[in-house]
Each structure stands twice: as C-alpha cells, then as structure tokens.
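Asker: Single-letter residue listing:
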Amino acid sequence: MAFEPKRPQKKINYEEIRLYSDAELNSTTEEELKNFKIKHDIPMCEDLEKGPWPSFVADAKQGALHRRKLADGRVLIPRDVIEDLLGQLELSFVHGETHWKHGGIVGVFGYGGGVIGRYSDLQEEYPAIAHFHTVRVNQPASKFYDTDFLKGLADLWEYRGSGLLNLHGSTGDLVLLGTITDQLEPLFQEMAHVLDTDLGGSGSNLRTPSCCIGKARCEYACYDTQAMCYEMTMHYQDELHRPAFPYKFKFKFDGCPNGCVASIARSDIAFIGTWRDDIRIDQNAVQGYIAGEYAPNAGAHKGRDWGKFDIQKEVIDLCPTGCMSLEGGKLVIDNANCTRCMHCINTMPRALRPGTDTGISMLFGAKAPILEGAQMSTLVIPFIKAEPPYDNIKEVIEKVFEWWMEEGKNRERLGETVQRVGLPKFLEILEVPAAPQMVKEPRSNPYIFWKEEDVPGGFQRDINEFRKRHKR
Amino acid sequence: MEELKSAIIEFLEGGKTKTKFYFKDIEKAVKQKIPEAKTLQIKKACSALINDGTLIYFSTGSTTMYGLKGRGITEDH
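Chains A and B supply the protein sequences, listed in that same order. Going by this note's numbering, the first sequence opens with residue 1, and the numbers climb by one from there. Going by this note's numbering, the second sequence opens with residue 1001, and the numbers climb by one from there.
Think of the hints as simulated: they come from the structure by calculation, not from any bench. All clues stand as given, with none of them false.
Here are some chain A residues the structure puts well away from chain B; computed CB gaps all over 12 Å:
1) K37
2) P140
3) Y145
4) D155
5) A192
6) D196
7) I279
8) G303
9) P349
10) I397
11) I463
Distance windows between CB atoms, simulated:
12) B:G1070 / A:E97: 28 to 38 Å
13) A:K6 / B:I1034: 34 to 44 Å
14) B:G1070 / A:K6: 30 to 40 Å
15) A:K409 / B:Q1041: 16 to 26 Å
Small disclaimer: the values here were computed from a predicted structure and weren't measured. Just so you know, even glycine gets a beta-carbon here, dropped at the ideal spot from N, CA and C.
Full structure from sequences and hints, please.
Answerer: Shown next as structure tokens:
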C-alpha cells in the first residue's frame, strides 16, 4: 500500500538550506590530520586510535581540526568544544570515573522530552563543555533518510552545536551530542520549520518508536512495520512529548520473528510479525537444497567450506520443538508446534516462507538496563491482525497505558509492574485468557496459577492435606 | 480545568524541601482533593500549566518531574 502521510511532506533541498560552502566542509587534509594535536594531552584516548577498528577519537579529532579552521562567527558555540570533550574524557580514564552531571531544566518550550541536560563537573578546566546537552531527533521509519536532509542537519548541528552525532542511539533516535542551553530553542525551530522533523522521546515518555526495515526490503516481513511505526508515532504524539508515565515506555516493531530491532529484549511492548496458517513449502526447492543446487542461508556463510548441506543435521535436528521431519523424501512440518524460531526459513529461504495469514504477536515487559535487571518480554497476545488503522492494537495499548499509569510505581517499567502483581492479573486487565503459548519454554514450564473458576469442572484442594506433604 | 490547576499548584507549593515531583505524586494529591478527577484531565492541566509558564519539566534523561518555575534548581546548575 502506498505511503499516506498524515500531513504534507516537505521536500528538502540542501542547496537552498546549506550553511557551509564546499570549501568550508572540505577544509582538512590527511597530512594535517596526521600532525594535528588538540590543546590537551590525550595519550590514553589516542591509544584507542591504534586498534584495527575505526576510532571515534580519530573522528573527533577531525571534527576538532575542522572547527578550528572555520572563520569567526561560523559556529555559535565554542569552537574548541570537541577538544575539551576529549580532554575531559582523558581525565575520566585517569580517574576511572565520569565527570558528567546529567539532568536539569533544559528542554524546548512545551516539550517534556527530547533534550537531555548534560553538564561538566569540571567547568573551569573545560569551559567549552560546561553545557553539553544531548538532543534526540525522531528518526524516520527504518532510518530511510534523504541525503539532503542529513546534510542539512549536519550543517545545522555544526553551526548550533558541537557537530558530533550519534547515528543512532540504542533507542533508535539520531542523537545530536553537545550544545549549550541558549542554542536549544533556535535549533529546534530550525529542525521543525526548515528540516520538517521533530524531537524524539526521553524521560517518562513514550520513547521514539522504532522498526525494522520491514516490507521495504525484506521478504520475511509479515506486516508493514514502517506504516505501523509511523501510525503509532503520530497517534501517540502527546505520550511522546508530554510525560505522565511512571517511567520510560518503548514500542518496537519487528516484521518477523528474526527480530532485527530486538523488540523482544528491550521494548515494553514488542510487536513481532508472525503468521497463523502454515509455513509455505516448495518441495522442489527443498530437493534443490538437498542436492546442493542452492547455497543454504542464501549463501551468507559460503566464505568457508562447511561440507555438503545436510538437511537432517542442519535443519530438522535443530528445530527446537522437533516439529519437522522428512517423510518419503518430502519435508513435513507440524505447524501447530512451530514456535517461529525462523531457523528453517533462514536456512532454506527459497524453499520455505512464512504463511500468508499474517499479523503480529504482542509481547510485554522487556527492559535492557545498562547495569542490571535485564528482562525478556512475555508473550501475551499470540496473534492479532495488524492492518491500518490498527484500532484493535490501539485498544490493547490503551488498556496497558491506563493500567500501568494507575498501578506502576515511580521509576517502574511495565515488566516490573507485571512481575510484581503477577501475570494472571495482567491477563485479566487485557481480557486475554491464559493460553498454552504463554509458556516460559516451549510446552514445558507453564507459569499460570489457575483459579478454580478458570478450569472446566473446577478442582478441589485441601490445603491441610497439601501441607502434610509440603512444609512451608 | 481551573480547579485542577489550583489543586496542582497548591500541592507543588506545599512541598517543604522537595521542589520537583513525579506525575504520580501530583495525580495522587489531586485525586485526594478532587476524587472525581481523571488521570488524563490532570495530565492536561499539567500541560496547560507548562504552556503558560507556571510549571517546568525537570528531566534526568530517564525520568521526568514537574516543578514550579523559579523554585529549586532553575535554568542551570
């Protein structure tokens, strides 16, 4: 289906909005960079340049040299901002602790998120980074950028910020690293009115939703992740910009169970594409794989000789639920027991494809904090159709929001609230009956405690008899 | 709306040492005073107070709090 924007889309033309000339943008040479020393001694940082990988230190030094060469008035925050940044980083390596303070009252008018205040705690030694605020920019679905937009944003950020970018932060946003408080409002005005973009989410907000590449490029996508991500971003603008949740809340959209944006591991609601009919099998192509006519995994591992493809060893025996077999030379799948691990489809993409009755599974409660407490999400809705305008899905989301805003404690993620009150309560809120698919491991570890009224015919239990056999 | 705004301001002015509050704390206080108040209405009242400059957001990056403009930590710290 063709993309239908909610509002007119602006065509960005870099030549009309550019701030720097080609000469200004290409002002540094390899030779100059080789001999360039910033104003601080940074031996430990420079050590990081010696590894086999591209180094952020080398990139930062290039940025520092570039800013030194710009004429007066061509940057609006201190031109030595990157040099002080590296200087403070070196000191942090020496001290083994950070010198950043974060948080504060920076932001743009009316927005509760998108800007994260950051300050140096060594402002006299490193005055150029006394303020070094971070700005999150809402990325387009699947990060499909127009180069005119990116060049325009890079110019704007060089002019009003440090010029340093993070493409992309782990939340998904494009992150602008480091500017001063006075530049936040003008930066935002130009981002909104010239570049036609918006801030992302931070704080106790809905965070910027993110999605995999979806149907734009991937044959496995079971729904249009880009369309759904865009719809949810636009529909929940108030939740994205005006914080009233107990803590952060993340949506992520994976088109298939391969989970390229890892929604299952890090989003409060994971939307994962799936199908409820059978895996499509092309038996001729299966025979082609067995005969060695097609490279397994679409040739992804052909850099090394793994020997002849063995369908039994490499596919059937690796099925986690053992639901595949070869019968009379034909591949047979017991679809009811498929847990959507995707291994067989990934290995033989020419022979196997997801079914055609597609939709999504909704999982709840993942979090991936930096220090401790990582938690995977829990499958609660095994299948729901995912078609515009997604009213059926919004209904579920809004039940979750309403309940969590009521029940969640301050700084408690959805997964922690569910863990505290128990999954059965959460199922009651969503009006979803407990199902065999809600198991921790396939078919072996159900964690629902049934109530008597939930079970046909009920059951009777004598707690005193039970305690005779099981001490407290 | 005006009643909600007054309840919010009254609660925020009442803090002896604290100057920044989680939304849930505001919500709880307002619901104690006006039991029929709905969460969404309280959020809208908070947003209106932000837009008229009475309240400010305070964000650590991971969480957000509300405070009265001019009380406690102000523009820089």
